[in-house]
Amino acid sequence: GEDVEQSLFLSVREGDSSVINCTYTDSSSTYLYWYKQEPGAGLQLLTYIFSNMDMKQDQRLTVLLNKKDKHLSLRIADTQTGDSAIYFCAESTRGTGNQFYFGTGTSLTVIP
Amino acid sequence: DTGVSQDPRHKITKRGQNVTFRCDPISEHNRLYWYRQTLGQGPEFLTYFQNEAQLEKSRLLSDRFSAERPKGSFSTLEIQRTEQGDSAMYLCASSPTGNTQYFGPGTRLTVL
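Top to bottom, those sequences are chains Y and V. Number 664 in my numbering belongs to position 75 of the first sequence; there are no gaps in the numbering. Number 219 in my numbering belongs to position 98 of the second sequence; there are no gaps in the numbering.
None of these hints come from the bench; they were simulated from the model. Worth double-checking, as some hints may not be accurate.
Derived CB-CB ranges, DEER-like [claimed, not checked]: (1) R229(V) with S600(Y): 25 to 31 Å; (2) L650(Y) with T218(V): 20 to 26 Å; (3) N655(Y) with T134(V): 42 to 48 Å; (4) N172(V) with A630(Y): 24 to 30 Å; (5) D643(Y) with L160(V): 33 to 39 Å.
These figures come from a predicted structure and were not determined experimentally. C-beta: ideal position from N, C-alpha, C; glycine also.
Just chain V, same shape as in the assembly (with noise of 0.2 Å):
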């Protein structure tokens, strides 16, 4: 399978914990985003790579947030201090152009 994928699927935590979630995209997709999904909810952007540069950030990703694609292939997201309300589903696309992006099938953070 040559699609988005996400490591771990699941995560639980305790409060104040820090978590760390990685994604591969498609393999030659240079444009990778990060979501936030939460119950009920559409995805909510957090932020943007063109292959190693971080080009975008929502005020969604406070300073607890941050992001990296080092070589331009997998990015990571690790979350410092983890809150409560951090408890999400956490999707991470791919595209090769910005028109069309790839979902991968996320992975859902549990904060106790």
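Next comes chain Y alone, as it looks inside the complex (with noise of 0.2 Å):
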């Protein structure tokens, strides 16, 4: 099946921004995704951007994606502590039913 992979950890301080990244390998993905868990709760969409885009940006939020290297990354621009949580990767390939493919996820920890 298709693998996304993600680091595990990432550690920043409040106010400064935070990058997430991630690599896919199915080369016919056609959405990537990123998704928000808090403990405890389900997942949260964040945003999202169509593969035949660069980057997108939504907020403090800015997704870049690289094709070439199958590389997708989550910059969060002025991190706060409620931005602390689970980051998931998630790709979809059509004719698959959508079924997304989730990375393992990063768990972001933003020091006061």
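Put the complex together from the two separate chains, hints included.
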């Protein structure tokens, strides 16, 4: 199946920028997503990018896609303590019912 | 709140018992997905419905698992003869098109 990989942990100071990285293997991915999961809760869709785009910005969030290297990143500007959570990268491919393939998640800790 | 809802939020059962979970999708979303998430992992796809038709099932969905969506609205996921390895968070998501999936809060199953 498709592999989606993320580093497990990231720690940043409040007010700094956070960059969470993700790599994937399926070159036919059509959409790539970032979800946020707080303890004991479901997944909250943060943003997504279509595979023909290089960048998408949404308030404090910037998504960069390097399709050649199959690399996706999420930058969070002015990181706040409320941003502490697990961030999941996911990809979907047309023709498979749009099932999503998720990475293992990156646990972001924001230090006050 | 018109988001995806799941019931119950927590379920503790003894090995060998049957359990059933319910998911109510966002109104008018014709696609509904079930995922399983174990500790430290991202969600793994189990099955997918478009309206009342179950179109795709993962190999993770053993014959002890069955899912239904009889009227194309809510869905149920039943696990028969539960095993300790079934302990996980069971997540439901709905989508209008398949390109974006909105997740419910999940049902946490503990099998003793």
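The hints, checked one at a time:
Look at R229(V) against S600(Y): about 27 Å separates their beta carbons, and that is inside 25 to 31 Å. The hinted range of 20 to 26 Å is satisfied by L650(Y) and T218(V), whose Cβ atoms lie roughly 22 Å apart. Taking 42 to 48 Å as the suggested C-beta distance range, the pair N655(Y) and T134(V) conforms, at roughly 46 Å. Restraint check, N172(V) to A630(Y): a C-beta distance of roughly 28 Å satisfies the suggested window 24 to 30 Å.
Between D643(Y) and L160(V) the CB atoms are about 35 Å apart, so this pair conforms to the stated range of 33 to 39 Å.
When the structure is compared with the earlier hints, no violation turns up for any of them.
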